[in-house]
Amino acid sequence: MEYVPHTRADIERMLRAIGVEDVEELFDDIPEEIRKNYVPLGLPPLSELEVRQELEALAARNRKLVPFVGFGLYDHYIPAVVNELARRSEFYTAYTPYQAEVSQGTLTWMFEYQTMICELTGMEVANASMYDGATALAEAVLMARRIVGGDRVLVPRSLNPFHREVVETYCRGAGIGVVDVPYDETGRLTLGDVPEGTVALIVQQPNGLGIIEDLSGLKERLGDVFLIVSVYPVALGVLEPPGSFGADIVVGEGQPLGNPLSFGGPLLGIFATRRKYLRMMPGRVSGRTVDAEGKEGYVMTLQTREQHIRRERATSNICTNSALCALRATIYLAALGAEGLREVALLSLEKAHDLAEAIAGIPGYELAFSGPFFNEFVVKCPDPAGVVKRLYREGIAVGPPEYVARMGVEGAFSVAVTEKRTEGELQRLVEVLRG
Amino acid sequence: MGTIYRKGKEGRRATSWPRWGKDPEEILGLLPEGLRRREPPWLPQVSQGELVRHYTELSRMNYGVDTGFYPLGSCTMKYNPKLHEELACLPGFAELHPLLPEEATQGMLEVLWRLGELLKGIAGMPGITLQPAAGAHGELTGMLLIRRYFEDKGELERRTKILLPDSAHGTNPASAAMMGFQVVSVPSNEQGTVDLAALEERLGEDVAGIMLTVPNTLGIFERDILRITAMVHEVGGLCYFDGANLNAFLGRARPGDMGADIFHFNLHKTFSTPHGSGGPGAGPLAVSEPLLPYLPVPQIVKEGDRFMLSYEVPKTIGRVHPFFGNVLVMVKALAYILTLGDEGLREASAGAVLAANYLRVRLRDIYAVPYDGLCKHEFVASTKNLGVKARDVAKRLIDYGFHPPTVYFPLIVEEALMIEPTETETLETLDAFIDAMHRIAEEAQKQPELLAEAPHNAPVRRLDEVKAAREPVLREERP
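Chains A and B, in that order, give the protein sequences. Basically this note's numbering = 1-based index in the first sequence + 22. Basically this note's numbering = 1-based index in the second sequence + 10.
Honestly, the hints are just simulated from the structure, not real lab data. Given the structure is predicted, the values throughout are model-derived calculations rather than measurements. Idealized CB from N, CA, C, for every residue including glycine. Wrong hints could be hidden among the right ones.
Result set (EDC-like, lysine to aspartate or glutamate): computed pairs, CA atoms no more than 16 Å apart in a straight line [to be verified]:
1. B/LYS325 <-> A/ASP376
2. B/LYS325 <-> A/GLU187
3. B/LYS477 <-> A/GLU318
4. B/LYS325 <-> B/GLU105
5. A/LYS402 <-> A/GLU207
6. B/LYS19 <-> A/GLU106
7. B/LYS92 <-> A/GLU106
8. A/LYS86 <-> B/GLU299
9. B/LYS32 <-> A/ASP376
10. B/LYS19 <-> B/ASP76
11. A/LYS402 <-> A/GLU424
12. B/LYS399 <-> B/GLU452
13. B/LYS477 <-> A/ASP313
14. B/LYS477 <-> A/GLU315
15. A/LYS442 <-> B/GLU452
16. A/LYS402 <-> A/GLU379
17. B/LYS399 <-> B/GLU453
18. B/LYS32 <-> A/GLU379
Which chain A residues face chain B? A few, computed with CB under 7 Å, are given here [unchecked claim]:
19. VAL73
20. ARG85
21. TYR153
22. PHE184
Label pairs and their computed distance ranges (CB to CB) [to be verified]:
23. A/ARG297 <-> B/GLU96: 16 to 22 Å
24. B/HIS466 <-> A/SER69: 42 to 48 Å
25. B/PRO42 <-> A/GLY316: 48 to 54 Å
26. A/GLY417 <-> B/VAL476: 21 to 27 Å
27. B/GLU113 <-> A/VAL201: 47 to 53 Å
28. A/GLU445 <-> B/ALA479: 17 to 23 Å
29. B/GLY12 <-> A/GLU54: 56 to 62 Å
30. B/ARG488 <-> A/GLU218: 38 to 44 Å
31. B/GLU49 <-> A/VAL201: 19 to 25 Å
32. B/HIS466 <-> A/ARG297: 43 to 49 Å
33. A/ASP51 <-> B/GLU96: 37 to 43 Å
34. B/VAL476 <-> A/VAL61: 50 to 56 Å
With the hints as constraints, model all of the structure from the sequences given.
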């Protein structure tokens, strides 16, 4: 086997040193009745060429559709430098930087990433990543409860339905009730009275329907109850960050920052909060310090929050996170700068609005909501299932009606647009809808 | 080495983008005035060349498996096949949105289904979810399954305790506590395995289950594993197995045959997918028959020759991941299993256990091995007998060109060095490591300052962790 280097002679030498005759003896401590029950998988070993051909054939069985689909994951362009640099094996073959002196590369970019996330979100501290936007949101609710107390969380009906399901799963396990917050004809949430015992209000910006929420005044109404905002980081190239509106925790799905769609994983969970809550925050953090000669360097810090030190009293159980995806986000943001990010956001914004206008001009089609949107919008029409099927046949994918329905909108599909969508693709979509 | 924020200059850029049709101000006019960003985020302004040099330089300050020997105990830092990276980048996988129709994603669903079936076979258990994004996420999912199972039986109120050997990974107690269980520690006996009498004392109708690592974090296989799981089942509890150490018995024994009800895989460890500086990993979970009705949805099923998503899990705990888990990691794991085949799986565990025992017997004359005896894929040594700190030996190893082992874990061994060589290291590398360890032990007696001040030839000298924690500087400040 090409990955195991032991020759017959090597094996003999090691066995002699250990004092056993045969490799099988090394497994004598596993009860025999267990070993004899083992059922092989029936797989012969394969060569690299055969495995490549097999997997390439599977990849080829997936049909390439032009993705006008969003729901938190967006098809933004990934500059070549991001792929090239993130694929350096000194990054991908390392693990968590437990030994700081030989992990300065990782710890330095983690520090850069934390800075960038703070800048994007308008928050004071950020961790070095969570698994994805949905579990980051669920962890934010758990963190809020540790600080605020209480037993229920306010969740908009317009929250991304996949994020909602994960939050519901975690909350059920942790004994936190979920209270729905409705939206109005603009698509924006309408906050009524905040009930006693509320841990937090979740707001998604833009929300699952694509509508930009007005965050002003929310924190004032909430008082000590936490304002948790889940963001689409590219939109923050042009939208005022939640930090300006008093958010206590900002989370988000970081995939749009230089990570491929990947059939939904791996993803990147963004997590940022106020400095005063630093010691309650889950996840790894890189901090700046000095070495024995006074030279600047970086270490994982505040580890007393973490499971390997604090065990059952840790702020979270998270260990392995989404580091390589965070590295991609770091390189992406460094490559774009504020100007590039703004350009990507403006391109997405412009194209989405051009397309929305064209679709709304087709008889029978209308935008479901009147509120402002960024790059994703909901379209109502008489036979959305039929329309979506017709689009698939023409090689175009939009947001499926069944998932839009989970946010309480029947008879509708959704459309998301990024800078990657060409004029031709936009026109094609409109033509197919026209029928 | 400064951060990227100290590179570049106002006005530089590393990317260009298509021109938009309208005036930018006009486009911004599409957004309500009060919500438009007032001040741009402070991000670097560098040229493409500067950007590439910066991250190339950072990569050179890192130590990975491709750099050298990385015997980090419990982490299974084996060689990462290059084929994996190329396969995960195939546009047919990487560019797929998860909400495309099933007709368009048959190849992807087949990858997931096949991997799921193979993992079920390896575990010897009938159910699987691929959703957990890491081992700890698998544990959390396992705790949710246990809760749901007892809720369904009307026993959740009284089943408040999760038992944990004192050698357990820190994620285990953290996962149990996060889902509201009380953690009860079970001491180890002199052999380093679960003390059966102590276990017996703690077992009762208030026990929801036990979390075991097999082999345990000392690298020792619980010879009484069948007895332990039977005892827990006897009182109606469930057995969770932390699969971090699967490399020890891959292709030879199945957790399902040991009495496991829930078993998590660490695809980044055992199946070499790789570790990515700390993630993404993947932590699929196999379950026993009684837990099938509670698995997360969707499940990936095969009907005829079609693959599809099924939501028909009557009492599901729900989703633990927004989509299907870390799919690109799974592509690599499937490639790995197909490459190895049955023969290769056995060869992997044989090589890992052989290398670990070889290191153990070659090091034990100098470093104490408190629980000495046949180990599996790893073992725990101690520097206490030499009167030096494990940390100092670890840092000195860096000077010899090695990544240090895991230190100060498990907690039941003082000055612990947890050493896991994996099957992919040559005998020459193992011998060079042994040689370095011997020399360091000598230095500890003759020139102790060499250890106390190590490392001497890393990118930085020993870093001040206390200062970092006392005065946290966690971001670059604006100039």
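Structure-based check of each hint:
no. : hint                              : in the structure
1   : B/LYS325 <-> A/ASP376             : violated, 45 Å
2   : B/LYS325 <-> A/GLU187             : holds, 15 Å
3   : B/LYS477 <-> A/GLU318             : holds, 12 Å
4   : B/LYS325 <-> B/GLU105             : violated, 33 Å
5   : A/LYS402 <-> A/GLU207             : holds, 13 Å
6   : B/LYS19 <-> A/GLU106              : violated, 23 Å
7   : B/LYS92 <-> A/GLU106              : holds, 15 Å
8   : A/LYS86 <-> B/GLU299              : violated, 38 Å
9   : B/LYS32 <-> A/ASP376              : holds, 11 Å
10  : B/LYS19 <-> B/ASP76               : violated, 34 Å
11  : A/LYS402 <-> A/GLU424             : holds, 13 Å
12  : B/LYS399 <-> B/GLU452             : holds, 14 Å
13  : B/LYS477 <-> A/ASP313             : holds, 10 Å
14  : B/LYS477 <-> A/GLU315             : holds, 14 Å
15  : A/LYS442 <-> B/GLU452             : violated, 62 Å
16  : A/LYS402 <-> A/GLU379             : holds, 13 Å
17  : B/LYS399 <-> B/GLU453             : holds, 13 Å
18  : B/LYS32 <-> A/GLU379              : holds, 15 Å
19  : VAL73                             : holds, 5 Å
20  : ARG85                             : holds, 4 Å
21  : TYR153                            : holds, 4 Å
22  : PHE184                            : holds, 4 Å
23  : A/ARG297 <-> B/GLU96: 16 to 22 Å  : violated, 43 Å
24  : B/HIS466 <-> A/SER69: 42 to 48 Å  : holds, 44 Å
25  : B/PRO42 <-> A/GLY316: 48 to 54 Å  : holds, 50 Å
26  : A/GLY417 <-> B/VAL476: 21 to 27 Å : violated, 59 Å
27  : B/GLU113 <-> A/VAL201: 47 to 53 Å : violated, 38 Å
28  : A/GLU445 <-> B/ALA479: 17 to 23 Å : violated, 54 Å
29  : B/GLY12 <-> A/GLU54: 56 to 62 Å   : holds, 60 Å
30  : B/ARG488 <-> A/GLU218: 38 to 44 Å : holds, 41 Å
31  : B/GLU49 <-> A/VAL201: 19 to 25 Å  : violated, 35 Å
32  : B/HIS466 <-> A/ARG297: 43 to 49 Å : violated, 36 Å
33  : A/ASP51 <-> B/GLU96: 37 to 43 Å   : holds, 39 Å
34  : B/VAL476 <-> A/VAL61: 50 to 56 Å  : holds, 53 Å
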